[in-house]
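The chain contents come next:
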Amino acid sequence: MWAFINKLRSPKWFYAISARLQPWFWAAALILIVTGTIWGLAFAPADYQQGNSFRIIYVHVPAAFLAQSIFVSMAITGLVFMVWKIKIADMAATVMAPLGAAMTFIALFSGAVWGVPTWGTWWMWDARLTSMLILLFLYLGVIALRGAFASRDSASRAASVLAMVGVINIPIIKYSVEWWYTLHQPATFTVTGRVGMPMEMWLPLLIMVLGFYSFFIALVLTRTRSEILRREANKRWVRELAEEAN
Amino acid sequence: MTASENSLNRAAAALREEPGDGLAVAVWATLKRDLLLMLRRRSEVLNPLVFFALVITLFPIGISPDPALLAAIAPGLLWVAALLAALLSLDSLFRADYDDGSLEQLLLTPQPLALLALAKVAVHWLLTGLPLALMAPVLGIMLSLPAGSYAVLAISLALGSASLSLIGAIGAALTVGLSRGGVLLSLLVLPLYIPVLIFGAGAVQAAILGDGVLAHLAILGALLALALSLAPLAIAASLRISING
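In the order they appear, the protein sequences are chains A and B.
Residue numbers 1 to 246, in full-length UniProt numbering, belong to the letters of the first sequence in order.
Residue numbers 1 to 245, in full-length UniProt numbering, belong to the letters of the second sequence in order.
Think of the hints as simulated: they come from the structure by calculation, not from any bench.
Note that the coordinates shown come from a computational prediction; the quantities given were computed from them, not determined experimentally.
Where hints are given, some of them may not hold.
[Unchecked claim] Here are the simulated distance ranges between beta carbons:
hint : chain 1 : residue 1 : chain 2 : residue 2 : range
1    : A       : L206      : B       : N47       : 54 to 60 Å
2    : A       : I168      : B       : R41       : 29 to 35 Å
3    : A       : S151      : B       : L209      : 50 to 56 Å
4    : B       : L36       : A       : A233      : 47 to 53 Å
5    : A       : A16       : B       : S179      : 37 to 43 Å
6    : B       : L107      : A       : I31       : 51 to 57 Å
7    : A       : I17       : B       : R41       : 53 to 59 Å
8    : A       : L229      : B       : V50       : 52 to 58 Å
[Stated by the list, open to error] Covered stretches of chain A (in silico footprint by chain B; criterion: 3 or more residues with CB under 8 Å from a CB of chain B, positions within the stretch not fixed):
hint : stretch
9    : 129 to 139
10   : 157 to 171
[Unchecked claim] Not close to chain B: a few residues of chain A, all C-beta gaps over 10 Å, as computed:
hint : residue
11   : Y48
12   : Q50
13   : E227
Each residue gets a CB set at the ideal place from its N, CA and C atoms; glycine is no exception.
Take the sequences, apply the hints, and build the full model.
Okay, structure coming up:
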């Protein structure tokens, strides 16, 4: 455990290991998303109530999952950065924030598009859409705070604190908003509980969720690598790498 | 032994003392100092109250002077306006201390920064949240808030604004080192205010409908207990970031 943490301190080690890992995650993401999309859009049966419009679920639900998971990962990497001063963790948190905001936006937008055939309106102040909207504001706050500091170290620590404060608040916000107004259908997708939809609809959704997670890991690996090169541009191993490439 | 060495020794001896001895003194001194400073800058105490009254005046003008309509939206309006007034006053919470360097002295004291920051937040609540809560029923009359909900309005605002001050202080501490932190501060803090707003306005709404008010007030109290235990740590960490950055 400690040996692993100590290895994580070295951006060079992470750069080497991520080079070996990232093709696998990219391949998994590509295969899963393509399979899930074709299966979900073309072969899964149409919903008996919502017809074909339910197929938005194959984008909406994975994006909503990621939107929440990314915020939690951001808080965890923030904690790791604050406690062990591991720079890689902060680099990962930096690249996660815009990705999480984008996923939140995709979930909101697909939810709005889905609202037109099901509710007859683009926007309803229902519990889940509202808490997603608040999550988007939390992401924008973290991104804005990181951008506001002149010194990178202060920016990193401030963003870490805000992500941790946010992650404590997310469940409180979620449940208070749910209490405030519940109009949405009950949760459609649970890993442990009873499956609320037939297998032919649920399997492609599972594939899409896994595909989105692989995409998230792959993208974070790739973008963290660029972030390492940017921040360590003055180090010798980066210069040697650049010379080799020339 | 020279005079300067003498005073140095005395300072070292003071530092070696049990931190418990000085803690109550330090917290009390911080409370007293902040209260005195705020009472000397009366406009900073009065401005949020004037802002509160002004915003409430805008709504009948912008929407409709119809008492029935106003009564229906009054709980939410009063709560949102009070929340914005409290938010407005946050920027000055640490600003003056940051500018004149006394915040750095606060960081250098041997006492835990979280508790000293808590004392500062308590003063902020005492001179912002509490007056807003006492003033809200008067504005409630002007919005023809139904009778029987005035006490609940004041109590819910007094309880809720304490949480608002604590959560807001995290944002104020994070942005105090930035030259133009005002708008950023509201962007950081407003999403975190939403649970307090839900249960605060919900309490007043429940009082009007004749439902049980205690459940809402109990949740407001629970939120306050949580904020009271965790927020000071976040405030202290944020102040350290802002000062050392």
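Hints, verified against the model:
At roughly 56 Å, the beta carbons of A/L206 and B/N47 sit within the given window of 54 to 60 Å. For the pair A/I168 and B/R41, the beta carbons lie near 33 Å from each other, so the given range of 29 to 35 Å is met. Take A/S151 and B/L209: their Cβ atoms lie about 52 Å apart, and the range 50 to 56 Å holds. Hint check: B/L36 to A/A233, Cβ distance near 51 Å, so the stated range 47 to 53 Å holds.
Hint check: A/A16 to B/S179, Cβ distance near 41 Å, so the stated range 37 to 43 Å holds. At about 53 Å, the CB distance of B/L107 to A/I31 agrees with the hint of 51 to 57 Å. The supplied range of 53 to 59 Å is met by A/I17 and B/R41, whose beta-carbon atoms lie about 57 Å from each other. Range check, A/L229 to B/V50: Cβ separation about 54 Å, and the 52 to 58 Å hint holds.
With 3 residues having a beta carbon nearer than 8 Å to a beta carbon of chain B, the stretch 129 to 139 of chain A meets the requirement of three or more and the stated coverage holds. Check result for the stretch 157 to 171 of chain A against chain B: holds, 9 residues qualifying (beta carbon to beta carbon below 8 Å, three or more required). With a least CB separation of 36 Å from chain B, A/Y48 remains clear of the 10 Å interface cut-off, as annotated. Annotated as non-interface, A/Q50 keeps its C-beta farther than 10 Å from every C-beta of chain B; the closest such distance is 30 Å.
Non-interface call for A/E227 relative to chain B: holds, since the shortest CB-CB distance, roughly 20 Å, exceeds 10 Å.
This entry satisfies every hint, going by the numbered hints stated previously.
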